[in-house]
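J.: Chain by chain, the residues run as shown.
Number of protein chains: 2
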Amino acid sequence: MTPRPATVSARSVDDYRDTVAELLAHLADRPDEQVPVPAALGRTLSADVASPIDLPVFRNSAMDGYAVRAADVAVTPVTLPVGGVIAAGRPGTEALPAGAAVKVMTGAPLPPGADCVIPVEDVQADGARIVIERGRGRGEFVREAGTDVRAGELLARAATVLAPRHIAALAAVGLPTVGVLTRLRAVCLTTGDELRPAGAALAPGQIYNSNGIALAAALQADGVEVLEVAHSTDDPAIFTDLLRSAVARADVVFTSGGVSKGDFEVVKDVLQPLGGTFGPVAVQPGGPQGYTVVDGVPVLSFPGNPVSTMVSYAVFARPAIRALAGLPAPESRETTLLTSVRSPAGKRQYLRGRVNADGVEVVSGPGSHLIAGMAWSDALVDVPAEVTSLPTGATVRILKL
Amino acid sequence: MTPRPATVSARSVDDYRDTVAELLAHLADRPDEQVPVPAALGRTLSADVASPIDLPVFRNSAMDGYAVRAADVAVTPVTLPVGGVIAAGRPGTEALPAGAAVKVMTGAPLPPGADCVIPVEDVQADGARIVIERGRGRGEFVREAGTDVRAGELLARAATVLAPRHIAALAAVGLPTVGVLTRLRAVCLTTGDELRPAGAALAPGQIYNSNGIALAAALQADGVEVLEVAHSTDDPAIFTDLLRSAVARADVVFTSGGVSKGDFEVVKDVLQPLGGTFGPVAVQPGGPQGYTVVDGVPVLSFPGNPVSTMVSYAVFARPAIRALAGLPAPESRETTLLTSVRSPAGKRQYLRGRVNADGVEVVSGPGSHLIAGMAWSDALVDVPAEVTSLPTGATVRILKL
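As given, the protein sequences belong to chains A and Z, one line each in that order.
Numbering-wise (full-length UniProt numbering), the first sequence opens with residue 1 and increments by one.
Numbering-wise (full-length UniProt numbering), the second sequence opens with residue 1 and increments by one.
Wrong hints could be hidden among the right ones.
For chains that are exact copies, the list does not tell them apart, and a pair is met inside one copy or across any two.
As the list claims (entries may be wrong) - For lysine to any residue, the following SDA-like pairs were computed, each having C-alpha atoms within a straight-line distance of at most 20 Å:
#1 Lys400 with Glu331
#2 Lys261 with Asp378
#3 Lys400 with Ala323
#4 Lys400 with Leu327
#5 Lys261 with Phe141
#6 Lys261 with Pro273
#7 Lys400 with Pro328
#8 Lys400 with Gly275
#9 Lys400 with Ala163
#10 Lys400 with Val293
#11 Lys400 with Gly359
#12 Lys400 with Leu41
#13 Lys400 with Ala95
#14 Lys261 with Arg90
#15 Lys261 with Thr76
Hints are computed from structural coordinates only; laboratory data are not their basis.
Since we're looking at a predicted model, the values are computed, not measured.
Work the whole structure out from these sequences, hints included.
T.: Right, here's the structure in full:
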């Protein structure tokens, strides 16, 4: 009789997540990247950005109106001659003659000597003269240079995820490019002779390949550039070729399938001799996990059941991936369980849940193949390893998808 | 004396937002688009999607183990001959001989006659025979066809914004493409002789052009495809050419600048004769607004101060644009004001605010040129038109950016 394999004690979820984070930690040191400001939406600033210029660049008018000396309009009504007009974009370097007004458009520079602007609405124009009925104090409707931001002052902090309002500010100070965190580059390799591409006819025993597409979508949603999604049969030579090509280009490689206890575990069979660590984590779905460093590149190997692949990514990789991308941590919080659940002892269970105003209800079953059911969920319900049942109304932790 | 222009009564914010929504309403009728499932992340389903197939496609094993008849393992320990092995991807059409076991991998089809699976962990293998120490009931570790989703059953609802979990389900049922709402196509036209592109040297009176870049970023964040961002001088011929080119391609055109009461208002000067409606809205920033339908294409004209452009978009256009893209409405809710504010009578004021756990504090000033200051905000604080001051602790409505 061949002896049963020695029982390998399963690692905890937290322990394995930490291992994955350590495996990826060196990627925090990657160089940043200069991208054009218009292309920087959603990217993460790699460093503080200081304004290169004063904003406003120069003293200018807040209104379409007339630049005057406040002293000249202290008593109203007053009639002043109009000494010209300054459109936005004109230099406006000629001084305002005493006792006169100059017409200015919004954003136009104030002529030296002017210290307030009378809005066009408060003026009656009479050819070359204006009648001002309401005076204004020094500084009214004047935008002083540097009152929005001064040259050298902080415009946006490192680690800011750039929203339209940040893009607006970066553009307003004339920056053509901005330094952002480089996107992580990933390759996803799926394995399994039974998998067929979308649109193909299925022979008996075959199913559609969803893991690569799904994992790529999850990575893209977390700011990762997916260089390639490729599929390997269970032939080790083919998997090895794809793996070599992947580690030559990617910062991190994900594999799905081929890590369990079957007779044909191509991922484990190829990676274990390269130093890979494969073994159970006390979790469902997603128990069999593996990691390897190939030519310096971390390779994370998830089990092939579709829900297992997605949950493995969400639980083990996503926190580190988002942190490396400079994105906020996945939302995790406590809420009320609206469905009673049973759970196997000794394994932390991630059930598919749907959050509503009252709490979270479990949708679909616990099976790791229920990928259509998972589409109705928007959170994972985290049932601790030692818990075997929870009643309706219990407090549970959820991890938002 | 030329008379002052007759006072045009300003429209309310709600009224003008409704006008913009009506102007864009016909865009809801645009045809949908089939896109490859891997490219559909973040897109909005245009119709319900039913599964074309059963999932699981066929009855299969949930474990690496041995397919048996439950009746044959009712009394344990029991020794059974192993009649072969079925890998995932094999047809598995040969019936299980009575009193025998067949080795099956996870996902492999169960042979006809088998009704449960003994996990490999519960078995001692001995050459061509296995010793089973723990029996299993009918159906254990068996995934029946169609138990995740049945052919014809709803997989995802119309209007779903596709997250990775939806992509996973669509891929798992083998759909190569999926119907989604077509992206709205926009062109952004900026105007003003004083504006210079990023990186250029500024002559006196010139500033950097940020409105086109900022508006494009805001539109892209709301799922709009920005076909072009172009800049016009204040020359009506140049603006007209850009406008004609824009309406020939875009679903909606945005302009910034040239709508106020100055002497050089190129947007108003060109569009009013084409039937455009220009006039004040009782709001700050963003008072002067205009809209025109040119060759059937709505053209929304925002004022040119950078904050005015961004607030105009957020307040007047964004709700309709997001609804047309199938995205959730911008978040709007009440919270506590952490800064006392003053506000001009008769104009609804949108101050820049930053939300924290206690409420919202006003950041930067009310000036419509304070675009750098706006980068520190993440919400607009909505001060009603009739309110002239609010104390710290007041309840205010905010509109999240």
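J.: Hints first: check each against the structure and report whether it holds.
T.: Comparing the hints with the structure gives:
1. Lys400 with Glu331: both (5 Å within a copy, 19 Å between copies)
2. Lys261 with Asp378: For lysine 261 and aspartate 378, neither the intra-copy (31 Å) nor the inter-copy (51 Å) Cα distance is at most 20 Å.
3. Lys400 with Ala323: Within one copy, since 16 Å is at most 20 Å while 24 Å is not.
4. Lys400 with Leu327: Intra 15 Å, inter 19 Å, cutoff 20 Å: intra and inter.
5. Lys261 with Phe141: between (76 Å within a copy, 15 Å between copies)
6. Lys261 with Pro273: Answer is within: at 16 Å inside a copy they meet the 20 Å cutoff, but 76 Å across does not.
7. Lys400 with Pro328: The answer is both: 12 Å in one copy and 18 Å across copies each meet 20 Å.
8. Lys400 with Gly275: The answer is neither: 34 Å in one copy and 50 Å across copies each exceed 20 Å.
9. Lys400 with Ala163: between (22 Å within a copy, 12 Å between copies)
10. Lys400 with Val293: Close neither inside one copy (29 Å) nor across copies (43 Å); limit 20 Å.
11. Lys400 with Gly359: Within one copy only: 12 Å inside a chain, 24 Å across chains, cut-off 20 Å.
12. Lys400 with Leu41: between (24 Å within a copy, 17 Å between copies)
13. Lys400 with Ala95: neither (62 Å within a copy, 44 Å between copies)
14. Lys261 with Arg90: between (77 Å within a copy, 18 Å between copies)
15. Lys261 with Thr76: neither (93 Å within a copy, 23 Å between copies)
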